[in-house]
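The listed protein sequences correspond, in order, to chains V and L. When we follow the working numbering, the leftmost residue of the first sequence carries the number 285, and every step to the right adds one. When we follow the working numbering, the leftmost residue of the second sequence carries the number 315, and every step to the right adds one.
Treat the hints loosely; a few may be bogus.
Now the in silico label distances, taken between C-beta atoms and shown as ranges [to be verified]:
hint: 1; chain 1: V; residue 1: S450; chain 2: L; residue 2: P496; range: 23 to 33 Å
hint: 2; chain 1: V; residue 1: A331; chain 2: L; residue 2: S533; range: 47 to 57 Å
hint: 3; chain 1: L; residue 1: D477; chain 2: V; residue 2: A463; range: 47 to 57 Å
hint: 4; chain 1: L; residue 1: G326; chain 2: V; residue 2: D372; range: 32 to 42 Å
hint: 5; chain 1: V; residue 1: G516; chain 2: L; residue 2: S520; range: 23 to 33 Å
hint: 6; chain 1: V; residue 1: A493; chain 2: L; residue 2: D595; range: 47 to 57 Å
hint: 7; chain 1: V; residue 1: P494; chain 2: L; residue 2: A356; range: 42 to 52 Å
hint: 8; chain 1: V; residue 1: G428; chain 2: L; residue 2: H497; range: 23 to 33 Å
hint: 9; chain 1: V; residue 1: A465; chain 2: L; residue 2: V388; range: 46 to 56 Å
hint: 10; chain 1: V; residue 1: V480; chain 2: L; residue 2: S533; range: 56 to 66 Å
hint: 11; chain 1: V; residue 1: T491; chain 2: L; residue 2: E389; range: 28 to 38 Å
hint: 12; chain 1: V; residue 1: T444; chain 2: L; residue 2: V385; range: 29 to 39 Å
Stretches of chain L that chain V covers, calculated by requiring three or more beta carbons in the stretch to come under 8 Å of a beta carbon on chain V [stated by the list, open to error]:
hint: 13; segment: 407–415
hint: 14; segment: 534–548
hint: 15; segment: 559–570
hint: 16; segment: 597–610
hint: 17; segment: 616–624
No lab work stands behind these hints: they were computed from the structure. Please read these numbers as outputs of a predicted model, since none were measured by experiment. Quick reminder that beta carbons are idealized off the backbone N, C-alpha and C, glycines included.
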Amino acid sequence: MKVVVLVKDVPAELAHYTPAITLDRSGESAMSGVDVFAIGEGVRLAAADECVVVTMGPAGAVVTLREALMLGATRAIHVLDDALVGSDALTTTRVLAAVVGREGADVVLLGRESSDARMGTLPAMIAEVLSWPLLSAVDELKIGVDATSLSARRRDDHGTARVSTSLPAVASIAEYANAPAEVATRDLERGLTSRVQVLTAHDLGVTPAPSIVRMVDVESVERERRHELFTGDPVAYLESLLAGSVAS
Amino acid sequence: MTSVVVVEQASGLLTEASIDALSVGASLGAVVAVSSSLLTDASLSAIAAWTDVALHAELDETAVFAAAVAVVLVEHDAATLVCAPSAASREVAGRLAVRLSLPIISAVSAATLNGAELTVRTVADGGRRAAHASVPVGRAVLIVQPSAVSRDSSQAGTRIEVDSLPTVVTRIRAVAVESWAPHSEARHAPLDSARIVLAGGRGLGSAERIGALRTYAESRGAAFGASRAAVESGWASYETLVGQTGATIAPDVYVAFGISGAPQHLAGFRSAKLIVAVNDDPTAPIFDEADVVIVADAREIVDRLAAQSLSSASSAATQPSIAHFTRAE
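With the sequences and hints as input, model every part of the structure.
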């Protein structure tokens, strides 16, 4: 089972805006929160076959690819191109789908959403460009006995579903899909020393296009909190709060 | 300008996030409501407050629904698609954005039109900031931020025309739903619309005490919420999770029991009007976000509250004595 896992390198500290109202990417970065579970599933499903990890991002994003290699991914591809800085979701989708097309894959996995933008739409966009089915926000992935289908569990606010589709397919992975494995010594060394393949938009036949969405303003909406130390009887206070007799 | 709004039902009722989506759509002009499940009378009368046009069908296949919604957008010459951030709606949003080459903006709390230009207000930085974005061509997919939308006063609509969604075929292979099991514990007060939420975390120490807090909350007409730590410990079920990856809520009162205040949890209730925190650690980060700071053993407080819920009447409130609190570093 050949698996491609699409990962995202995000600022380690969330959402800092520069004076020009673009996201400040100059600080430390880290792998987006849910991606570790997508890699865990990818390594497991790939078994003896390849689990290729792919990212599009600035030069610093290589740390996320090396982390993925340490977690067991077999190979890493970095789409690194200044012309792609500030790309919108459509361009990002075309770039990543082109890598999938180039590699060929039975399964494409992504985190359910990125921990910075949190849009959660890239899995569906990749699936649509590839004309593949999507199992969204799932865990407990299983390959069918004949290796032509994929089934998974989806939990949402209302209940739990078991869903399945034929391969090839895209699946977006929810939090805690697996228990993070300990990094093996050989994977640690491989992660630090493996060559990371670098591709540009031109290599992939994608024409970069700037986003048509402009950020025009960012304002603080933080509520001032009172920070009042309560010294009376908490139980009586909470009871009256619940009875609506204390003004909120 | 016309918007197509994806609405969703749970237990035969329109979800709160769907109403937020209808409100955002209505602020841009005419609305066509679309649903992948047959709309109940209750849902239709809720939708009638925002529009008199609804299209529905019973469609398990999200990819097919997305293709049908794309047809509706084109047929109604609609400029925007508005939806809630559920897994299914995000799939519709993503597939449709590719089909129609539309930009996507998420975490939307308001939208306005100035001529052809669409201006959108979004929730950023875990609720600490509002970011304003503009789409000059005025066409976009908008994903709303639940409980961040201040709903426009809607028309008291009485009649609504409901029709079937167009039938479409896609070449995308099917996703089958093999089984479906609703969560066993029905919510007495839904988290996303509750006025008062009592939430428990790791500091409560056991599943039994979390259960006691939940029972107490329900006895007082409040909703129960849990931190990530409580859910991971298996003390509370996933659908009670409050935080960046769970429910994002804006109740009048949020009381946190034994919750330290991880950033991802804080993002879930930062818009609450009054935040009360109970924790025996005076350095707990949650106190930085609290209006009322109660430095006490949350386990003991919950045990006493649980005992109160058994007694018939609560005693008269004592006058709270309050002083300014600064978190010890």
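Can you list which hints this structure breaks, lowest number first? Result: no hint breaks.
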